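Student: Protein sequences, first through last, are from chains A and B. Quick note: the first sequence, position 314, residue 314 per my numbering, numbers continuous. Quick note: the second sequence, position 30, residue 30 per my numbering, numbers continuous.
Keep in mind the hints are simulated off the structure, nothing from the lab. Keep in mind that this is a model prediction, so the values were computed, not measured. Certain hints may be false.
Below, a list of computed lysine to aspartate or glutamate pairs in the EDC-like style, where the Cα atoms sit at most 20 Å apart [what the hints assert, rightly or not]:
#, chain 1, residue 1, chain 2, residue 2
1, B, 343, A, 392
2, A, 426, A, 404
3, B, 348, A, 253
4, B, 100, B, 79
5, B, 349, A, 253
6, B, 395, B, 339
7, A, 389, B, 23
8, A, 296, A, 321
9, B, 348, A, 107
10, B, 14, A, 233
11, B, 2, A, 321
12, B, 343, A, 211
13, A, 359, B, 92
14, A, 83, A, 110
15, A, 61, A, 110
16, A, 83, A, 58
17, A, 359, B, 404
18, B, 348, A, 240
19, A, 155, A, 258
20, B, 348, A, 17
21, B, 349, A, 58
22, A, 16, A, 211
23, B, 14, A, 292
24, B, 432, B, 397
25, B, 2, A, 292
26, A, 415, B, 23
27, A, 199, A, 233
28, B, 343, A, 387
29, A, 423, A, 392
30, A, 100, A, 59
31, A, 359, B, 76
32, B, 14, A, 17
33, A, 296, A, 320
34, B, 2, A, 313
35, B, 2, A, 156
36, B, 2, A, 320
37, B, 348, A, 258
38, A, 134, A, 17
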Amino acid sequence: MSIISSRGYLHLKGIKESKHLTSDKEVLEISNEAIAKIYIPEVGPNAVPLTLNVKVGDEVKVGSVIGIRTDFNIPVYCSVSGKIIAEEMLFHAVAGRPVKHFVIENDFKDEKIKALEPLGEDASAEEIVEQIRKAGIVGLGGAGFPTYIKYRGVKDIDTVILNGVECEPFLTTDYKEMQEKRELLLKGATILGRISNAKEVIIAFKADKVDVMAKLNEIIADYPLVKIKTVKDAYPMGWERTLIKELTSREYDRLPSEAHVIVNNVQTTIEVARAVLYGEIMTHKVVTVSGDGVTKQSNVRVPIGTKVSSIVEFLGGYTDENVALLLGGPMTSKGQMNDGVVILPNCNGITILKHRAIKSLPCLRCGACVEHCPAGIQPVEIKIAVESKNIDRIASLNAMSCVECGLCSYICPSKIDVTEFVKKGKLQLRLQEQKKLAQQKAAEAKK
Amino acid sequence: MKFSMSPAPFLRRKRTTLAIMLELTIALALVWLASIIYYFTIGTNHGLQAILIGVVSTVTMMLVEFLFYLPKCIKDGKEAVSKNSELNCFKETMKAMGYKLSHSFGWVSGLILALLLPVGTPLYVVVVSAIIAILVGKLLFGGFGYNIFNPAIVGRIFAQLCFGTSLAYGVEESVSDFTIFTGATVTSQLSNNNWMTTGLDIDLWKLLLGNYQGTLGETFTLLILVIGVVLAIRKVIDWKVPVFYVGTLYLASLLAGFCGGYGLGSFEYALIQISIGGIMFGAVFCLTDPVTNPTSPSGKVIFAVGAALFTFVIRYFASAPEGVAYSILLMNMLTPLIDRCIKGFTTKKLLPKWGVIGGIMLASMVLGVSSGFVNHGAYDAEYRRQNEFSSVVEKVEDNVYHVEVEQGEKGRVWSKIEMKVTLDMNNRTVTKIEVLSYGGNGGFGDALLTGGEIEFSDDFAYFGDKNKALAFYDKYIKLDSPLSFDEYLTIYGKENSIGNWSSEAKGVIRVGATYTTMGFIYGVCEVINYAGGAQ
Ligand code: SF4
Ligand code: SF4
Numbered sequence: 001m002s003i004i005s006s007r008g009y010l011h012l013k014g015i016k017e018s019k020h021l022t023s024d025k026e027v028l029e030i031s032n033e034a035i036a037k038i039y040i041p042e043v044g045p046n047a048v049p050l051t052l053n054v055k056v057g058d059e060v061k062v063g064s065v066i067g068i069r070t071d072f073n074i075p076v077y078c079s080v081s082g083k084i085i086a087e088e089m090l091f092h093a094v095a096g097r098p099v100k101h102f103v104i105e106n107d108f109k110d111e112k113i114k115a116l117e118p119l120g121e122d123a124s125a126e127e128i129v130e131q132i133r134k135a136g137i138v139g140l141g142g143a144g145f146p147t148y149i150k151y152r153g154v155k156d157i158d159t160v161i162l163n164g165v166e167c168e169p170f171l172t173t174d175y176k177e178m179q180e181k182r183e184l185l186l187k188g189a190t191i192l193g194r195i196s197n198a199k200e201v202i203i204a205f206k207a208d209k210v211d212v213m214a215k216l217n218e219i220i221a222d223y224p225l226v227k228i229k230t231v232k233d234a235y236p237m238g239w240e241r242t243l244i245k246e247l248t249s250r251e252y253d254r255l256p257s258e259a260h261v262i263v264n265n266v267q268t269t270i271e272v273a274r275a276v277l278y279g280e281i282m283t284h285k286v287v288t289v290s291g292d293g294v295t296k297q298s299n300v301r302v303p304i305g306t307k308v309s310s311i312v313e314f315l316g317g318y319t320d321e322n323v324a325l326l327l328g329g330p331m332t333s334k335g336q337m338n339d340g341v342v343i344l345p346n347c348n349g350i351t352i353l354k355h356r357a358i359k360s361l362p363c364l365r366c367g368a369c370v371e372h373c374p375a376g377i378q379p380v381e382i383k384i385a386v387e388s389k390n391i392d393r394i395a396s397l398n399a400m401s402c403v404e405c406g407l408c409s410y411i412c413p414s415k416i417d418v419t420e421f422v423k424k425g426k427l428q429l430r431l432q433e434q435k436k437l438a439q440q441k442a443a444e445a446k447k
Numbered sequence: 001m002k003f004s005m006s007p008a009p010f011l012r013r014k015r016t017t018l019a020i021m022l023e024l025t026i027a028l029a030l031v032w033l034a035s036i037i038y039y040f041t042i043g044t045n046h047g048l049q050a051i052l053i054g055v056v057s058t059v060t061m062m063l064v065e066f067l068f069y070l071p072k073c074i075k076d077g078k079e080a081v082s083k084n085s086e087l088n089c090f091k092e093t094m095k096a097m098g099y100k101l102s103h104s105f106g107w108v109s110g111l112i113l114a115l116l117l118p119v120g121t122p123l124y125v126v127v128v129s130a131i132i133a134i135l136v137g138k139l140l141f142g143g144f145g146y147n148i149f150n151p152a153i154v155g156r157i158f159a160q161l162c163f164g165t166s167l168a169y170g171v172e173e174s175v176s177d178f179t180i181f182t183g184a185t186v187t188s189q190l191s192n193n194n195w196m197t198t199g200l201d202i203d204l205w206k207l208l209l210g211n212y213q214g215t216l217g218e219t220f221t222l223l224i225l226v227i228g229v230v231l232a233i234r235k236v237i238d239w240k241v242p243v244f245y246v247g248t249l250y251l252a253s254l255l256a257g258f259c260g261g262y263g264l265g266s267f268e269y270a271l272i273q274i275s276i277g278g279i280m281f282g283a284v285f286c287l288t289d290p291v292t293n294p295t296s297p298s299g300k301v302i303f304a305v306g307a308a309l310f311t312f313v314i315r316y317f318a319s320a321p322e323g324v325a326y327s328i329l330l331m332n333m334l335t336p337l338i339d340r341c342i343k344g345f346t347t348k349k350l351l352p353k354w355g356v357i358g359g360i361m362l363a364s365m366v367l368g369v370s371s372g373f374v375n376h377g378a379y380d381a382e383y384r385r386q387n388e389f390s391s392v393v394e395k396v397e398d399n400v401y402h403v404e405v406e407q408g409e410k411g412r413v414w415s416k417i418e419m420k421v422t423l424d425m426n427n428r429t430v431t432k433i434e435v436l437s438y439g440g441n442g443g444f445g446d447a448l449l450t451g452g453e454i455e456f457s458d459d460f461a462y463f464g465d466k467n468k469a470l471a472f473y474d475k476y477i478k479l480d481s482p483l484s485f486d487e488y489l490t491i492y493g494k495e496n497s498i499g500n501w502s503s504e505a506k507g508v509i510r511v512g513a514t515y516t517t518m519g520f521i522y523g524v525c526e527v528i529n530y531a532g533g534a535q
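With these hints in hand, go ahead and build the complete structure from the sequences.
Tutor: Now the structure itself:
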């Protein structure tokens, strides 16, 4: 059947090499110099404002609550101890514009406030979910969606999938964390399985991670709920829909729960275990800094709120005058306007690539984009519809289902920014939707 | 420090359209090379002509592109100079032109067109067709990527419609569209026979290796097949298109064969069907041109099976031997419609999509079955023979007969042979044959009847193994010694089909003059019959 439908994924050539840049190296601890000042945005990871708890001049400790997210009622914690000395407008990766950040002078005393109490063995599911909320845990795979929401009042879930696929090139943080914190991972997995009442918890990663496999297998017997499954090295295997289909052969319309599945990132799982079992909050993050645009490629453990520029400096600086600076992997991340951005919990890596000019040709109509789109839509047809401003056609081509994985642009032999066209199509659809609503409202008002 | 803000993804596949096109070029060049070598084995002039057609077609197309893009490139050149006065305007213009030409891929269409033309195509026809191909087929649509029709096919069909006769130069059986030689091409022979292979002198291996007449590139079936596989693996072409196209045709021909009463021979019959008439070449190099294909996988398959249906219809029912070119053009025309109709997810509604594909394939199968049955009856009645040859035998004096053989098709007379035959009824031998008049268009067939007295022009050197003609003449016409009735009757065969002819006759037929040989033998046998010499 797949002859006439999209294959949905593709092995990216050179991805192994890109991962090898950092995967075999020790995780570096960042120098004090680089974190003399820490910057915490006054908005949440999705750029929604916080209800602030502190102000300039306040002394803060590790675990002080900076503010509460207004959208999901979860706290944002301070990652170092010291003093808030100023507010500064810095670029925010998600907001796409400068927002206010607290500037915290690090006193390196690492004084802590115990934000949470560990839960006992007999804690109920509700208590655990509440603990996850209180710990402020968000999805560390990239989206930054609050984890507790997925488990609040769950029912009908039979499988929890812990995503360690890390299908973007260059990034190796999931891999590093899985290697280092296997026990926390398995414990976290069991906790998530318990609170969702799932029959099994699957830890999924790429088949070539044999060392992780071996390490987990040594102790997995103690965790009967947890299974390990490997997937092929293809992009975007780490995307929920693709991963669920690959592992369970199930498909769904809107949410994974329709397929009785919850997907969480492996690092999120580790944080859950830390919060539930030890009452620890997340203060640090391992980030992969890689690509040919940075002098030294490595994983670095940094406090949340570290400026990207200081991390790059710590690793020897840029290799070129003109680079693309990406928060995340090269397939989906936008180019950052400057390196004043800070590391947030849901940032997995910094990819820095030398600038390469791309010259595009007219579309060859080869259909490669259609044949690989994981959403199963037709990028090239959407592009044509966008060019001819045919909104109905854009809608009939299901442009809204695009997950902006970038695969269509990646594969295009004519080097067309197909993904951009599809994004434009989505935007046009949204605008049209808004227009319609406005018209409806106006019509109702008239009545 | 400068931060690049270009859109994601920041990694791109290494493969470029240019690389894909270059690989395609190499593939085409290989076929061209094979054809050059092949034609050189026939004669120097043929070989040179094969080279010339390719060069002329390619150069013409690139020249037209050059002229077409010149104004724009001059403008670009001037602009570059206005920005940076140190630059040289001419150099900048040429730079822009170089980029334009190397990314417009005119040479690909040029090569394909050349390989679609027969070796005898006059060069001015090549030039005009190439101009039409690139201009009407591509540039006027907006250049590479925007053309609806396959440019080379546009050129080929144009050449056919406007210069059909000069393409068919020197052909006895001018019913065949794409023939240039005195000998009928395989496709025209088949078309004369309603595509049944009885009466066809074909050696399957010869067909596969491309050792026969046809257009420059289309005959090398096996080579094209191998190249096609490599191109498909390297993803230069989409495997689905040629596989579904050829597959559908094969199945339909197989059914036609079974219903036409070939039994197990149907497999070979179907194989022959897909090995001739440029099907393989069309499938690998023309049908797959992505620019003129639908973009979705299901669209591509629908496109391929649709083209197969058209090819089948045109071949069998419109009796145009090379249905391939027309069917490609027709499907090109339908491509936007196919694209239009495929909405939503490619991963959903697979059943209806397969339904459409299956329906179109089924239509081809039904046609295959019906054409098989139609031809079945015709062959049982030896219907074709009556239509192809007729004779009037008159007794001139004792044992001397005058015979006039008319060879034709569907009421048209292609050629005549008139001769006087003297028989020795006692010894059952033919003692003297005098050829009074013959076809007379200077081809190899004439040489056959006059003992090679006709001057073999270089063009005809191809057919001629002159020695074979002489041997045939000496043995069957000049009659150094009387030849028994049976010699003629055996060649003639029970079925009156060339397929059953003796190896000597076959030897001649293989180098051309198919129908002349047939007509001559037919005439002599009619005389023998008339005189009551057949038992
Ligand atoms: S970016 Fe969107 S349209 Fe392009 S391949 Fe990914 S999902 Fe499909
Ligand atoms: S991959 Fe690029 S060239 Fe191929 S159809 Fe899609 S947009 Fe066109």
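Student: Hint by hint, say whether it matches the structure.
Tutor: Against the structure, the hints come out as follows:
1. 343(B) - 392(A): Since the Cα atoms of residue 343(B) and residue 392(A) sit roughly 11 Å apart, the hinted pair holds (cutoff 20 Å).
2. 426(A) - 404(A): holds (10 Å)
3. 348(B) - 253(A): Distance of about 12 Å is within 20 Å: holds.
4. 100(B) - 79(B): Given that 20 Å is the threshold and the Cα spacing comes to 16 Å, the pair holds.
5. 349(B) - 253(A): holds (15 Å)
6. 395(B) - 339(B): With Cα atoms ~70 Å apart, residue 395(B) and residue 339(B) exceed 20 Å; violated.
7. 389(A) - 23(B): violated (35 Å)
8. 296(A) - 321(A): Judged against 20 Å, a Cα distance of about 16 Å means the pair holds.
9. 348(B) - 107(A): violated (59 Å)
10. 14(B) - 233(A): Holds, at roughly 18 Å.
11. 2(B) - 321(A): Status holds; Cα separation ~6 Å.
12. 343(B) - 211(A): Violated, at roughly 45 Å.
13. 359(A) - 92(B): holds (18 Å)
14. 83(A) - 110(A): holds (12 Å)
15. 61(A) - 110(A): The hint holds at about 7 Å.
16. 83(A) - 58(A): holds (6 Å)
17. 359(A) - 404(B): violated (72 Å)
18. 348(B) - 240(A): holds (19 Å)
19. 155(A) - 258(A): Judged against 20 Å, a Cα distance of about 11 Å means the pair holds.
20. 348(B) - 17(A): Distance ~36 Å between residue 348(B) and residue 17(A) Cα, so the pair is violated.
21. 349(B) - 58(A): violated (61 Å)
22. 16(A) - 211(A): holds (15 Å)
23. 14(B) - 292(A): Between residue 14(B) and residue 292(A) the Cα gap is close to 17 Å, so the pair holds against 20 Å.
24. 432(B) - 397(B): holds (14 Å)
25. 2(B) - 292(A): Holds, at about 15 Å.
26. 415(A) - 23(B): holds (18 Å)
27. 199(A) - 233(A): violated (27 Å)
28. 343(B) - 387(A): Since the Cα atoms of residue 343(B) and residue 387(A) sit roughly 17 Å apart, the hinted pair holds (cutoff 20 Å).
29. 423(A) - 392(A): With a Cα-Cα distance of about 16 Å, the restraint between residue 423(A) and residue 392(A) holds, given a limit of 20 Å.
30. 100(A) - 59(A): holds (18 Å)
31. 359(A) - 76(B): Roughly 16 Å between the alpha carbons, so the hint for residue 359(A) and residue 76(B) holds.
32. 14(B) - 17(A): holds (15 Å)
33. 296(A) - 320(A): Since the Cα atoms of residue 296(A) and residue 320(A) sit roughly 13 Å apart, the hinted pair holds (cutoff 20 Å).
34. 2(B) - 313(A): holds (16 Å)
35. 2(B) - 156(A): violated (51 Å)
36. 2(B) - 320(A): Roughly 9 Å between the alpha carbons, so the hint for residue 2(B) and residue 320(A) holds.
37. 348(B) - 258(A): Answer holds: residue 348(B) to residue 258(A) is near 18 Å, not above 20 Å.
38. 134(A) - 17(A): Since the Cα atoms of residue 134(A) and residue 17(A) sit roughly 40 Å apart, the hinted pair is violated (cutoff 20 Å).
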